[in-house]
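Trainee: Take a look at the letters that make up each chain.
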Amino acid sequence: MSNDNTISRRGLLTKIGILFNGLVATALAVPIVRFLLSSVTRGSVNAYLSWIPLGRVTDFPEGETRLATFRNPNVMPTDGKTVDTACWVRRVEGNQFQVFAINCAHLGCPVRWFPQSGLFMCPCHGGAYYRDGSRASGPPERGLFEYPYKVENGLVTIQAGELPTPGSPTASLLNKKPPCRAQNDLVSIEGGKLSASSETNPLFGKKKTWA
Amino acid sequence: MGLISQIGQWFDQRLQLAAPVREAAEHPVPRNTASWFYVFGSAALTVFLLQLVTGIMLALIYVPSAGEAWNSLQALNHDVTLGWFIRAIHGWGSNFMVAIVLIHMVQVFLFGAHKFPRELTWIVGVFLLLMTLGMAFSGQVLRFDQDAYWGLGIGASIASRVPIIGPAAVKLMLGGPIIAGATLSRFFALHVFVIPGMLIGFVCLHVLMVLKLGINEWPMPGRLVKKNTYVTEYHELTKRDGAPFFPYAVWKDLFFAAFILLAVAACALYFGPFGPTGRPDPTIIQAVPKPDYFFLWLYGLLSYLPPSMETPALLIGPVVVIAFLVLLPFLSGEGEKSWRRRPIAVLTVLLIAITLGTLTHLAGYTPWSPHMNAWSGDPVPDQFVHGTALERQGALVFQAKQCRNCHSLGNLGGQRGPALDSVAVRLTQDQLIRQVIQGGGNMPAYGKNLSPAETTALVAFLETLHPRGQTPARDAARNIVLGDEQPKRPSAQP
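Respectively, the protein sequence lines represent chains A and B. Residues in the first sequence are numbered from 1 upward in steps of one, following the numbering used here. Residues in the second sequence are numbered from 1001 upward in steps of one, following the numbering used here.
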């Protein structure tokens, strides 16, 4: 029997036993947590990104937007078709490109390009984007995600490897300003604001009826 | 008989379970709780057991690999004997389980069963609801098709919006930088091991508390719950007007459980299994992803929230809702139990039900989405094509520039924008030009994609869109500004 001030041998051993288990559990928790977070810790310095060729420059006609696919560089043998990714390639002119992620900037659904109206439309919640990827209407808060690209030896390559999502750090990387627009545009869009120029647009500022 | 009871006694001598089981089965319950309103809890448990059994059966064939899952589902549907039926039961069982859990929750709330001393039973029940929804979502992912693939993308987009930890949460959820094999494997682990394990544990706690605290008595208006007297009152009630649960009340549970199982099987037999839809190939972009039934309301909500509200609503909304549900028994732990004396409770339930129902209904036909094929599929109805060559050319522009994808004519076409059957009555010529070229009010600007000639033709066509006998809108000052001598008055005006 032990009173308040002394500690029994069994009581001490029990406490040491609990402490011992706690130490072992802590030691085991380190590899377990590291394993669980492996997908997070590996990508912390854009480790998932790499440069991937999309095709020859000549595969993309000037002034048009074409669908291209690439294989994600981070492949596991069991991934099947999921590592094949689509993207929209717009060749503005010459070696000037815009490569848009297929994922809507709202919630990631696949946007479709409509050359006739010059719009990307999203089937999920009705987001729409102009041909340069800027937001046209609907719930998205921003323009389409844009992959950084470079043209080398006649090949278009993009820096990709992560699912573009609104909050990812690469999203700002993917949101460069669109290249300068052609001079004779009817309407220019800058930062979402829209202005029509009276010099070039015959519908504005004319006095004569036209209908 | 002698042998059977001998074997029974042999086991009970070692297990010593017969007495506590008999005690639990025959515990007295208030007579008026032997009601058809009190059968939903046991029905939810029954469907959960059905899901366990059919889930294990599906796991005998299913391959949780991004490359093979879709093929193994096809094999289940077409090659394995009655594989389609087991899939259908599991899918319909999932829908039934969510529905029954929700009904159970509403019944419990309206009968005041969340009040003292059953607060913890309610809180455990809230977590059971969350786990049920978790099972429904992860189950949809395991049906690894186009909907599952893009649904994961939506989940990742939502997770990414969490401040600071968003990007890490996405990689943790996906098991890597993209939706791929690791994603399916971890959702398989969640759906098959983690959540069911927790569900079993929580269900046991939930049922244990129902047995220990007794089933909630039928609420009587004016009989108030007070913490210091309730337990004594309840025991007096079960003594005065109680009956053993078995067999007095249990037969209704048994009948309803069997009826629900039959209903699941009937739906499975009649409607068949869910999907899988197209292959989970991200290069096939002709996908219109839609969530399963019980997440449709969220799909609808996400298209109606203003962009600025969306992230706060997505991130704070669930926290507020869950916190409110957990805190509910502490906010109203005493007082009236009867729904007849709790108008705010009844109205809240009705409001939530109508909101969810409306959003679900809207998500059934997605008026906010452009009809991707309207411009190539729905011709401009005959009654709208007439008049000058310019106006007919305008109808062509209207079609070719995909205006139909968002605007309907004669009820054909998208509903994203307003129907244009009588647009000329609402907008003058100048307003039409401005709207087409500059957009606005959720309409993209078409200035860059229409030549002046196309705009002229299109607006000429739009000006013909007004009901017979109703004059188009006109800017009264137009003729003066443009220098015409005589302002032309519409002839139909008196």
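These are calculated hints, taken from the structure and not from any lab test. Beta carbons are placed, not taken as given, at the ideal position from N, Cα and C, and that holds for glycine. Among the clues, some could well be false.
[As the list claims (entries may be wrong)] With the Cβ distance kept under 8 Å, some of the chain B side facing chain A (calculated, not the full set):
1. Ile1061
2. Ala1075
3. Lys1171
4. Asn1373
5. Gly1377
6. Pro1379
7. Gln1402
8. Met1443
[As the list claims (entries may be wrong)] Result set (DSBU-like, lysine-lysine): computed pairs, CA atoms no more than 35 Å apart in a straight line:
9. B:Lys1212 to B:Lys1226
10. B:Lys1212 to A:Lys15
11. B:Lys1252 to A:Lys150
12. A:Lys81 to A:Lys15
13. B:Lys1252 to B:Lys1226
14. B:Lys1227 to B:Lys1239
15. B:Lys1212 to A:Lys81
16. B:Lys1239 to B:Lys1212
17. B:Lys1448 to B:Lys1290
Trainee: Give a verdict on every hint.
Mentor: Evaluation of the provided hints:
Proximity of B:Ile1061 to chain A is violated relative to the hint, the smallest CB-CB distance being about 17 Å (cut-off 8 Å). The closest approach between the C-beta of B:Ala1075 and any C-beta of chain A is roughly 15 Å, which is over the 8 Å cut-off, so the hint fails. For B:Lys1171, the suggested interface contact is upheld, since its CB lies about 5 Å from the closest CB of chain A, less than 8 Å. Look at B:Asn1373: its Cβ only gets to about 10 Å from chain A, farther than 8 Å, so that hint breaks.
Contact between B:Gly1377 and chain A, as hinted, is not supported at the beta carbon level, the nearest pair being about 14 Å apart and thus beyond 8 Å. A cut of 8 Å between beta carbons decides the hint on B:Pro1379: the least distance to chain A is about 16 Å, and the hint is violated. Interface hint status for B:Gln1402: upheld, as the beta-carbon distance to the closest one in chain A is roughly 4 Å, under 8 Å. For B:Met1443, the shortest C-beta to C-beta distance to chain A is roughly 6 Å, which falls under 8 Å, so the interface hint holds.
Note on B:Lys1212 and B:Lys1226: the hinted pairing holds, with a Cα-Cα distance of about 19 Å set against a maximum of 35 Å. At roughly 33 Å between alpha-carbon atoms, B:Lys1212 and A:Lys15 fall within 35 Å of each other, so this suggested pair holds. Our distance criterion of 35 Å between C-alpha atoms is broken by B:Lys1252 and A:Lys150, whose separation comes to about 71 Å. A distance of roughly 54 Å separates the Cα atoms of A:Lys81 and A:Lys15; the hinted pair therefore is violated under the 35 Å criterion.
For the suggested pair B:Lys1252 and B:Lys1226, the alpha carbons sit about 30 Å apart, so the restraint of at most 35 Å is met. Distance check on the hinted pair: B:Lys1227 and B:Lys1239 sit about 20 Å apart at the alpha-carbon level, within 35 Å; holds. For the proposed pair B:Lys1212 and A:Lys81, the alpha carbon gap of about 53 Å is over 35 Å, so the pair is violated. Annotation: proposed proximity of B:Lys1239 to B:Lys1212 holds, straight-line Cα distance about 16 Å (limit 35 Å).
Only pairs whose Cα atoms come within 35 Å are accepted, and B:Lys1448 paired with B:Lys1290 is accepted, the gap being roughly 33 Å.
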